[in-house]
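With this note's numbering applied, the sequence shown has no gaps in its numbers, which climb one by one up to 672 at the end.
Just so you know, the hints here were simulated from the structure itself, not pulled from any lab data. Check the hints yourself; a few may be wrong.
[To be verified] Below, in silico cross-link-like pairs of lysine to any residue (SDA-like), each with a Cα-Cα straight-line distance of 25 Å or less: (1) 226 with 268; (2) 20 with 4; (3) 584 with 634; (4) 245 with 215; (5) 584 with 623; (6) 375 with 439; (7) 486 with 498; (8) 323 with 255; (9) 249 with 151; (10) 323 with 299; (11) 512 with 297; (12) 614 with 602; (13) 586 with 617; (14) 375 with 496; (15) 492 with 479; (16) 580 with 396; (17) 151 with 299; (18) 618 with 379; (19) 496 with 479; (20) 323 with 383; (21) 652 with 604.
Because the structure is a prediction, the values reported are computed rather than measured.
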Amino acid sequence: MDSGYQTFIINSDDYKNVKKLNNGRFGQLYLVQRGGVYYVKREVYQDPSKPNDTRAFMIEVDFFMIVRQHPAITKFYGFAVNPNSIIIEFAPNNSLGKVLEDIDEGSPPPWWTPTTRAKAIFGFAAAMQHLHSYDVVHRYLTPSNILFDAKYEIRLSDFGFSKIPIDTTCMSDINSLPIYTAPEAIEHNAYGSKVDVYSFGILVYQILTNCSDPFPGKKTVVQLSKDILSGRRPVFPRGFNPFLKKMLKSCWDANPEARPCFIDILRALRMTNVPLLDGVNMTEYESYKERLIEDTNMIGDDDIYFRIKQITPENRAIFEQIKERADGGDPEAQLHVGKMYDVGEGTEPCAELAFTYFEMAAENGNAIAKYNLSKYLEVGKGTEVDKVRSAQLMKEAAEQGYDIAYVKYARKLEKGIGVESNPAEALKIYKTMADPPNSLKEAMYEYGRMIFEPARGIEENAEEGVRYLMMSSDRGYELATMDYAKALILGKGVPKNVAEGMRIYQQGMVQKIPTAIFNIGKCYEKGENGLKQDIEKAASLYKEAANLGHINAMAQYGTMLTTGKGVPMKDPITAAHYFKKAAKFKNPLACHNYANFLFDGMGLIKVDRAKAIKYYIKANNPNSFRKLASIYYTGTRGISRDLKLTKFYLQKAAELGSRQAAEDLKTLDLGD
């Protein structure tokens with residue numbers, strides 16, 4: 001069996017059966033338990049007359065191995081053989097099918113609110129964009145595989161009919177449910193990814209209308225298929241949201257080429273500021289959108305398309321209408337215009353005007369505008385940098401119920417960005433947002449991280465830290481999964497299990513998770529945790545992680561290119577590129593090395609000693625402070641000798657643990 005598969009094999013005996021659940025399309029479902037946590041085990045039917053069941057099982061395993069975790073897709077924990085089974089996340093609040101059935105029976109779930117339904121639609125679109133970015137098509141979207149977790153948020157499941165990668169093939173095994181099957185699939189013609197868009201359109205219609213049967217009337221499968229091929233589609237009730245009506249009609253167009261891609265749908269849902277349903281809590285909904293966008297994969301043209309301007313006569317007219325309302329004082333319209341200027345929707349993008357309209361909406365009390373304004377002020381987008389005001393606005397957005405703003409404000413408090421550093425208060429906020437009813441996976445991670453490896457003034461509680469890391473990991477937060485693996489390897493807060501920790505890292509490597517690739521690279525560089533030292537392999541992995549955006553990997557690979565360690569030859573030009581990128585994110589090693597390049601003019605970097613000094617200061621580590629002390633002590637290369645600054649930076653280095661700096665303070669003549 002391929003080594004990639006080996007990392008996902010689990011011992012199914014570790015998961016104890018609690019009870020049988022309903023039969024699934026691809027096998028018998030069981031509620032199982034391990035370590036006090038519930039999961040679902042799907043055991044594939046062992047019927048020799050149904051070879052497609054085993055094939056579906058392997059397709060699903062392939063799917064979970066290829067596609068990185070996403071908040072709106074059920075989490076995969078591994079698979080077993082003999083019997084073939086997979087372990088996935090347990091979603092305790094049933095499926096869309098059960099919700100619609102309960103509504104038909106006159107007992108809708110109390111949690112099925114307009115806000116929950118709006119979040120389900122956006123989550124569904126984000127999940128599908130995530131799948132399609134990996135060239136995966138689901139092919140079997142129905143109400144039964146749209147599940148809801150403990151927070152009543154969507155989880156997409158059942159990937160046994162997925163096609164990896166997308167191709168054109170026949171769907172003869174799939175179209176037994178013509179309600180959700182695209183016309184080209186009903187005809188058994190060639191098809192592509194747009195079959196999912198058709199199914200999405202029908203299912204969103206059901207979410208919006210609470211309709212269990214979008215094609216009412218008793219009809220056979222054959223007759224309904226004929227009706228759909230003849231152009232029959234669900235009927236819109238009077239007063240249906242015009243924006244959504246247009247979107248759904250395009251989704252179920254008979255011509256697949258006329259249907260939008262999921263990146264189109266996601267962008268449209270992101271940009272609209274009009275509630276999808278009456279009664280939607282827009283603050284909660286917008287916060288959910290923000291969190292999902294951060295976790296949704298977009299590659300190549302999709303990523304560019306999602307963020308660049310879109311100007312057509314139609315959306316230009318919409319922009320002008322909304323701007324007129326905004327200029328008349330409507331805060332919702334002001335927010336919308338700010339977003340349109342931000343990305344260039346119906347107008348040329350303009351950060352300065354986006355800032356202006358966000359500010360207008362914020363002054364009118366809009367929490368979402370305050371959040372956006374805070375982000376602009378933090379980096380100086382469309383305005384001057386103002387970290388103090390940024391922190392204050394983030395705090396106000398949080399206090400108005402924009403939940404992700406709590407986490408971002410707590411990070412500012414923890415690190416002292418625009419506000420006096422107060423890690424203890426940040427910890428309290430993380431804890432509040434990690435625990436029910438908030439249960440934010442980002443807050444679970446931050447709280448777990450802080451008490452697992454605490455900063456000065458925070459009490460260590462490794463066991464509690466690991467518990468929160470596991471909770472965050474179970475909700476699909478990759479950083480938490482990687483930190484949990486680290487805890488297993490160290491045996492800190494949890495029984496030591498190097499093999500399991502490395503297995504988690506190796507799973508992450510298969511799924512192209514940058515942190516996992518970087519950590520495996522470190523193991524190869526040091527020759528530890530069961531891996532033989534291989535510097536060339538380490539360099540290769542650092543490069544891969546760096547190119548996937550891992551900041552520490554950029555610094556490490558840049559260092560190897562500078563020294564020639566693990567690479568064919570020294571390459572200061574490419575090293576400078578990686579150091580510069582990582583230094584923008586204040587990586588200490590990258591800041592120090594980029595400062596060296598600036599100071600000496602290496603790697604085609606022009607000499608800029610004033611800028612170099614700024615980066616040495618940004619590095620905020622003993623080596624950089626000793627370098628600054630040396631620069632000011634010698635006073636060479638155009639830098640004036642300054643013994644006061646020499647002493648200051650030696651003291652800074654000594655405070656950070658440099659024994660040599662402490663010795664220099666005693667022995668050098670600093671003119672005291």
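Verification of the supplied hints:
1. 226 with 268: violated (32 Å)
2. 20 with 4: violated (30 Å)
3. 584 with 634: Violated, at roughly 29 Å.
4. 245 with 215: Satisfied, since the Cα-Cα distance of roughly 17 Å is no more than 25 Å.
5. 584 with 623: Holds, at about 19 Å.
6. 375 with 439: With a Cα-Cα distance of about 23 Å, the restraint between residue 375 and residue 439 holds, given a limit of 25 Å.
7. 486 with 498: Roughly 9 Å separates the two Cα atoms, so the pair holds.
8. 323 with 255: Measuring from Cα to Cα gives roughly 35 Å; hence the hint is violated.
9. 249 with 151: Since the Cα atoms of residue 249 and residue 151 sit roughly 30 Å apart, the hinted pair is violated (cutoff 25 Å).
10. 323 with 299: violated (32 Å)
11. 512 with 297: Given pair residue 512, residue 297 holds - Cα atoms ~12 Å apart, limit 25 Å.
12. 614 with 602: holds (17 Å)
13. 586 with 617: Distance ~10 Å between residue 586 and residue 617 Cα, so the pair holds.
14. 375 with 496: violated (41 Å)
15. 492 with 479: holds (17 Å)
16. 580 with 396: Violated - the C-alpha atoms of residue 396 and residue 580 are around 34 Å apart, more than 25 Å.
17. 151 with 299: violated (29 Å)
18. 618 with 379: holds (16 Å)
19. 496 with 479: Holds, at roughly 20 Å.
20. 323 with 383: Measuring from Cα to Cα gives roughly 21 Å; hence the hint holds.
21. 652 with 604: violated (31 Å)
Figure legend: structure checked against the earlier numbered hints; hints not met, in rising order: 1, 2, 3, 8, 9, 10, 14, 16, 17 and 21.
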